[in-house]
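There are 2 protein chains.
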Amino acid sequence: MTSRKAIRSQGVDGLSAYLEKQRKLVEKALAKAMPAASARPITIHAAMRYSVLGGGKRLRPILVLAAAEAVDFERAENLPSILPAACAVELIHTYSLIHDDLPCMDNDDLRRGRPTSHKVYGEGVAILTGDALLTRAFALLAEITPAKRYPLSILLQETAVAAGSLQLIAGQVADLEAEGRKLKIADVRFIHERKTAAMIVLSLRLGAMIANATPGQLKAVTQFGEALGLAFQIIDDILDVTQSSQQLGKSAGKDLKASKATYPAVIGLEASRKEADRLTKKALSALKGLGSKSTRLAQIADQLLGRSS
Amino acid sequence: MTSRKAIRSQGVDGLSAYLEKQRKLVEKALAKAMPAASARPITIHAAMRYSVLGGGKRLRPILVLAAAEAVDFERAENLPSILPAACAVELIHTYSLIHDDLPCMDNDDLRRGRPTSHKVYGEGVAILTGDALLTRAFALLAEITPAKRYPLSILLQETAVAAGSLQLIAGQVADLEAEGRKLKIADVRFIHERKTAAMIVLSLRLGAMIANATPGQLKAVTQFGEALGLAFQIIDDILDVTQSSQQLGKSAGKDLKASKATYPAVIGLEASRKEADRLTKKALSALKGLGSKSTRLAQIADQLLGRSS
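Chains as they are written, first to last, in this note's numbering: chain X, 12 to 320; chain R, 12 to 320.
Keep in mind the hints are simulated off the structure, nothing from the lab.
This structure is a prediction, so every number in the text was calculated from the model and none was measured.
Be careful, since some hints might not be right.
Which copy is meant is left open, because identical chains are indistinguishable; a pair holds if it fits in one copy or across any two.
[Unchecked claim] Within a straight-line C-alpha distance of at most 20 Å, the following computed EDC-like cross-link-like pairs (lysine to aspartate or glutamate) qualify:
1. Lys285 - Asp83
2. Lys285 - Glu237
3. Lys35 - Glu286
4. Lys271 - Glu134
5. Lys304 - Glu88
Build out the structure end to end from the sequences listed, making use of the hints.
Shown next as structure tokens:
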């Protein structure tokens, strides 16, 4: 069920339609999750909408929904209980991008094909917009209907830890400190696991927990997420080298130029491709215990790896 | 019970000892609430500790504890259920100060008598330290033992709204936008109610809700907090004009210089003092329905106003 050939035989067309359907669900929920555009001060709410509703693959919210399906399809269909979690992870992701793009961090002018928040609204409002999105994410968690095994306190705790100083923020700090230094692959991995994989693991775990996963199911999606999250970031590193800014929607080739923490910079393109492939296979094999309900997760992983080949 | 003379007759000494005892409780809990200093990356955890454990009156956490006492003394004594909320409001307050002090916001070099976070750790780490403290605050909410009437979802929602783009962050954005403009008193009030009073009201409400307040009790502490919070900020504005930087522990006279949003700048010192006095009386009268258990809240309000006279 989880060999890559078997996954593809189930049809990429089916996957595209699925992703598009889920993306639309998420877009609608995100728009609803934003405070009214007319609320004072208008600037901050315009800036929140600009960054959140400005496109993006919505990978993390789709993983929330797909992980819930992989555990319990009927529970996953109960959208009012699960969409707030899907929106929350996207808002945390968006806030982290806004702050990462600031002049004192990665100093990026382009994001999702458009000028970054600080370019449009200035640094002060951009910082506050990130703060507001992070805060709004936690408000959304309060709207979840938790399942029996995982009360709100657990969902809240997991989210705050994944987004906190030991995970997401640890990755960003380590990335900042890495600039200009000679890195080992373990250093790059430390950063990727925290800056990227932690939120992907969180997305999958939130979805699984809201669907009342058994401990075994939760372990399976966690292992899937750890391997997928790292593979995903390595592929992003590879694309930064091989694609143009236009294809990426953000400044290309920047990572190598600034001698940033990337796999290609440390172990080269070919070894990076192999590592991404190995991790994707590892991710797929972690899904075994979940059975056929996890096909969507497998297809998503397969498509993400496919980007680099 | 709530006339200012009656409050003072109960002894300022008793209040000083009470505040000192509560402050120590809070300091200890805050130190425990920080991730280990040895956790990687060391920088962010040092920066979190630097800002959080660097002194401060701990007014907001003390209000959490005092509001709980005003509702149900025995519940207020159950510290493991209430100290996480006290720490959470202090972490949110500290994060907001770190971000407010940044060069692109208020550009302040001095806070609580020491160099500001970005002066010590640089702008990038200072922004991430604020982010980490805000995130940690939400993790702490998960440790509260909620009372029957107010489940965790309510406490979480209230916190996120008070700290969000319609309250705390709205105040900061409006303050940023006010710089250099000619303001009306309603504009200054809009900012103060959001930037200062919202978190003071939240502190009181969290304490009252964890102590399982009746709707009437919750309304009383809310009205107390709205008046006290505004009075508190007006007094801060007054002190900025009348005291030196050394007395304040932060840069003095800055507000008038930058034609910032303050009561003295718009209505003058004397009218500002009168308004602070009027609001403090209003705050005290809101406590009436709570009876003698609210003496501590009344004493705290009286002492805060006393600072300006």
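Hints versus structure:
Proximity of lysine 285 and aspartate 83 under a CA criterion of 20 Å is satisfied in neither setting, with 34 Å inside one chain copy and 63 Å between copies. In this homomeric assembly, lysine 285 and glutamate 237 come within 20 Å of each other (Cα to Cα) only inside a single copy, at 17 Å, whereas the closest approach across copies is 60 Å. In this assembly of identical chains, the alpha carbons of lysine 35 and glutamate 286 never lie at most 20 Å apart, being 33 Å within a copy and 52 Å across copies at closest. For a Cα distance limit of 20 Å, the shortest separation of lysine 271 from glutamate 134 across copies, 19 Å, qualifies, whereas the shortest one inside one copy, 23 Å, does not.
With identical chains, the CA atoms of lysine 304 and glutamate 88 are at most 20 Å apart within one copy only, with a shortest distance of 13 Å there and 49 Å across copies.
Taken one by one, the earlier hints fail for this structure at numbers 1 and 3, listed in ascending order.
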